[in-house]
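Asker: These are the residues of each chain, in order.
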Amino acid sequence: MRKNLTQLLVSIALASAALTVSPIASADDVKMVGVVTKIKMAADGKSAQATLKDVKSGEAVTINITDDETLDKFKDKRIQDGDEIRAKFDSNGNKSKSFKKTAGC
Amino acid sequence: MSRNTITRNLLATLIAGLFMPVGAQAADADLLKKIEALTQQLEQLKAQVQASQEASRQAVAAVGEVKEKVQKNEDRSTEKWLTIGGDYQFRVDSLSGETKAFLMPTGLTTPPVSVPSYKPKNETLYTNRFGLDLNAKATQDVSVTARLMMYKTFGNNDDNATSGPYFADRVGVFDGTLGHVPSSSYLNVDRVYATWSNIADQEIWFSVGRRPSTHGAPSNLRTNAPRPGTGGTPALLVDYAFDGMTLGWAPDIDALPGAYGKICYGRGFESGYSSPLTNSIKDTDMVGISVVPIDTDALRVWTQWNRGMNIFDSPKLYASAFGMSMQPTTNLGDIDWFGAGAMGTVKKLGPGDLNWFADVGLSMTHPNSNMNAMGLGLLTGVLGSPEAANDKTGTAFYFGLRYDLPSKTKLGLEFNHGSKNWITFAPASSDSWTSKVGTRGNVYEAYLIQELDKKPISSAQAKTFFRLGFQYYDFQYTGSNNWVGTPVKMSNVTGATMLPMIPLSKAYNAYATFEVKF
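As you go down the protein sequences, you meet chains A and B in turn.
Take 1 as the starting number for the first sequence in our numbering and just add one per residue.
Take 106 as the starting number for the second sequence in our numbering and just add one per residue.
Simulated from the structure, these hints should not be mistaken for laboratory data.
Keep in mind that the hints are not guaranteed to be accurate.
Calculated pairs, DSS-like style, for lysine-lysine (alpha carbon to alpha carbon, straight line, at most 30 Å) [claimed, not checked]:
1. A/Lys31 <-> A/Lys101
2. B/Lys452 <-> A/Lys77
3. B/Lys242 <-> A/Lys38
4. A/Lys77 <-> A/Lys101
5. B/Lys513 <-> A/Lys75
6. B/Lys174 <-> A/Lys40
7. A/Lys77 <-> B/Lys560
8. A/Lys31 <-> A/Lys46
9. A/Lys75 <-> B/Lys242
The whole structure should be built from the sequences, with the hints applied where relevant.
Answerer: What follows is the structure in structure tokens.
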């Protein structure tokens, strides 16, 4: 009886521990303004990697882009090296959520 | 064993023991020599490694210096901060029209002259137009953009050949149409403005100067130009080079991609010092609010309100089609404009892409009691019969399609209609007879664009193309693009009708261009 109770308590403790372990952390949105230094299109044209130089830190950040509108802008050079971009991407995998030229005029 | 044997063995052992250390000593010495040799080699290796490390450090330092020099050169390189581009257009127009018989005033004390109907034409009008675009990134977040333009008629160095007594926006070239209506070989500043972006690290901008308020969407389709983006004004409401400013904001709203809004201000006329003796004419100003909830390739939706205050009765012209200079003499009142529209692209509709647009506009005049020297007010009065000030509302709609084929051939059709009291502010349009979006009647246009399949060199957007087009204007009321005087139904115009300008009932314009964008 005592042995069974002990086993039960241990099982409960282990299950509780398992439940309190956090799932994979949700990605946060990262926003930045940077200048395009490199655009690399995938061979099939369905994705691209764009490297931006952060205007504040000077660090290079590579963002993965899969939306058709931005890919079209890369293809017809409406966005190219040297353009200043306001980007939003998730911190888990750097997947682009918004990639557009800074607004003006 | 005998004592002698034992003694002999002991002696042998002793003698052997004496030789053993000598052998061992010899091996030790050899070992020591080897150790010394290895130690020397080790020291040599250490020295080599140190020398190599030192050389490597020096190489890294040298590479760092080179990188710094390259970076400095890149930073100083104009390519990093200055963009130069532009365009050249050769255009040939063949213009013809039909007028109605009417009475032309000749002065306050002389009787009017009867003018019969006739068919004005200019069979070949050749023009050159050149534009130079500059964009300088002055500091972080601040840039200056400029566009210089020259627009000249072959064999003429003024606006005589393109001015006429038919439409108010083509009686001569004035402030907001310079560079957009053929005049001279002078290179004028069409646009120059400074823009401060990313204010407070937000997508907020402030821009001031000679604004990019000409050739806005959707006119970019028939001119084969890119969409204006967050700059520009809707072509149905405003096509005039205003001096003014803009405050804009582009919020990040996932459900509304590309959304932005802006408040705009422009000065249409600066009256200068007040007069000490007579009533002074006031400055003409325009304010507006533009909201674009969606701006993507597939769909762009725009809405706008703008108000013109203290509208002048005449632009300032040094030379007009009437053979005299003109200038504002009075303010006639205010005008409100409201507009909305949409444009988009449907990709891969058959072999090509289909571009479409549909815009609507509404104008509301609010005249005061002022009249010009001919007794005409803001959309009020006919010659010889003044009219009390009363608000009038006009409407217009404008829609079109352009189909882009993989062969770089683009086919377009456009139609616009304006009601009796429709008035817009678009004199800088590229139309030769008069700004088609200001027509009180119907305009039909068909065009073809053929780009040459040539590799761009000067810039990624460089291209060369031809345009062929035809416009047919069916004027249903007089006074298109003129806010002075009451419009008269064209079918009611007779030889006894007195009008300030020659009533063109129909106009035709066939045109062709050869254009280069670099």
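Asker: Any hints from earlier that this structure breaks? Give me their numbers in increasing order, please.
Answerer: No hint contradicted; all consistent.
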